[in-house]
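J.: Read off the chains here:
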Amino acid sequence: MSEKTRFYILLGLLIASIALLVLANSNASNVLVR
Amino acid sequence: MKLSRVNTLLLVLIIVINGYTIVVPFLPSLFYKVQTKNGTRIHQLEQKVQAAPPANAPNSLTMPTALFDGQIFDGPDARTLSHGVWHRPGTSTPDRGGNTVVAGHRFTYTNPVGTFYHLDKIKSGDPIGVVWNNKSYRYTVTEVKVVGPNETSIEAPTAIPQLTIYTCTPLWLPKDRLVVIAKPLEVQP
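So the protein sequences, as listed, match chains C and X. Counting from 16, one number per residue, gives the positions in the first sequence under this note's numbering. Counting from 851, one number per residue, gives the positions in the second sequence under this note's numbering.
It should be emphasised that the hints constitute simulated quantities derived from the structure, not laboratory data. Just so you know, not all the hints are guaranteed correct.
As the list claims (entries may be wrong) - To give an idea of the interface, some chain X residues facing chain C are shown, with a C-beta separation under 10 Å as derived from the structure: (1) 852; (2) 857; (3) 861; (4) 864; (5) 868; (6) 871; (7) 875; (8) 876; (9) 877; (10) 881; (11) 893; (12) 921; (13) 963.
Claimed, not checked - So the derived list for chain C, only partly shown, Cβ under 8 Å to chain X, looks like this: (14) 16; (15) 32; (16) 33; (17) 34; (18) 35; (19) 40.
The beta-carbon is built from N, C-alpha and C at its ideal position, and this holds for glycine as well.
Pulled out of the complex, with its shape left as it was, chain C reads as follows (with noise of 0.2 Å):
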């Protein structure tokens, strides 16, 4: 495997990483009656 696709690869994991950590908070920092 080459640098180039290793790269693209862990950019794509990284920008996963971050919205799942976002997704996380924002399920668990929850919404309140109403």
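Based on these hints, arrange chain X on the given structure of chain C.
T.: Here is chain X on its own, set in the frame of chain C:
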């Protein structure tokens, strides 16, 4: 910078971010076990509930059983929750009687130990303290219940003074609301 170094940096970032996402939700439980091991922290908070507030003390809520001691904030919308405990607009205050309602996050990644994470550990008879306008109000828990997310009756005015505290349940999901209702014991100057 060489692409191989950039890849190493990306890999480290991925490990750190995912490690944070996985580990942080368990920190409040870990801290609870450590802080309740000899009962000192609960005892400290119980003493705070009993004591008169210091001069110019901010409005605050203390729940020894839940290891919670935090400031109460007024604000028009849910963004206030990012500061701490939110005194729900339109509800009463301890000095006016009626139903004083406060809400808080169950868990956040930004402040994992400063939330109502352990509210489910509270049971009937537990003490709760509120400092409001430099006066100390002591309550005892009379009811703990789970209601649906649209159960707005928990915020309805009451003829007798009470404190209503609520957050989301179960942990991680905003499915229902965990509600703690407490009645006042007395007012300390």
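J.: Work down the list of hints and note, for each, if the structure agrees.
T.: Going through the hints against the structure:
A distance limit of 10 Å between C-beta atoms decides the matter here; for residue 852(X) the minimum to chain C is near 8 Å, and the interface restraint holds. Because the beta carbon of residue 857(X) sits about 5 Å from the nearest beta carbon in chain C, less than 10 Å, this interface hint is met. Look at residue 861(X): its Cβ gets to within about 6 Å of chain C, closer than 10 Å, so that hint holds up. At its closest, the beta carbon of residue 864(X) sits 5 Å from a beta carbon of chain C; the interface hint therefore holds under the 10 Å criterion.
A distance limit of 10 Å between C-beta atoms decides the matter here; for residue 868(X) the minimum to chain C is near 5 Å, and the interface restraint holds. Because the beta carbon of residue 871(X) sits about 5 Å from the nearest beta carbon in chain C, less than 10 Å, this interface hint is met. Restraint check, residue 875(X) versus chain C: the minimum CB separation of about 8 Å is within 10 Å; hint holds. With 10 Å as the threshold, the beta carbon of residue 876(X) stays out of range of chain C, its nearest partner Cβ sitting at about 13 Å, so the hint is violated.
Hint on residue 877(X) is violated. Least Cβ distance to chain C is approximately 13 Å, over the 10 Å limit. With a cut of 10 Å, the hint placing residue 881(X) at the interface with chain C is violated, because the nearest CB-to-CB distance is about 17 Å. Because the closest C-beta pair between residue 893(X) and chain C is about 30 Å apart, greater than 10 Å, the hint is violated. The restraint placing residue 921(X) at the interface with chain C is violated, with a minimum CB-CB distance near 17 Å, outside the 10 Å limit.
Among the interface hints, the one on residue 963(X) is violated; its C-beta lies about 13 Å from the nearest C-beta in chain C, farther than the 10 Å criterion. At its closest, the beta carbon of residue 16(C) sits 10 Å from a beta carbon of chain X; the interface hint therefore is violated under the 8 Å criterion. Because the beta carbon of residue 32(C) sits about 4 Å from the nearest beta carbon in chain X, less than 8 Å, this interface hint is met. The criterion of a C-beta within 8 Å of any C-beta in chain X is met by residue 33(C), whose closest approach is roughly 6 Å, and the hint holds.
The beta carbon of residue 34(C) comes no nearer than 10 Å to any beta carbon in chain X, farther than 8 Å, and the hint placing it at the interface is violated. Interface hint status for residue 35(C): upheld, as the beta-carbon distance to the closest one in chain X is roughly 6 Å, under 8 Å. With a cut of 8 Å, the hint placing residue 40(C) at the interface with chain X holds, because the nearest CB-to-CB distance is about 4 Å.
Hint violations for this structure: numbers 8, 9, 10, 11, 12, 13, 14, 17, all remaining hints satisfied.
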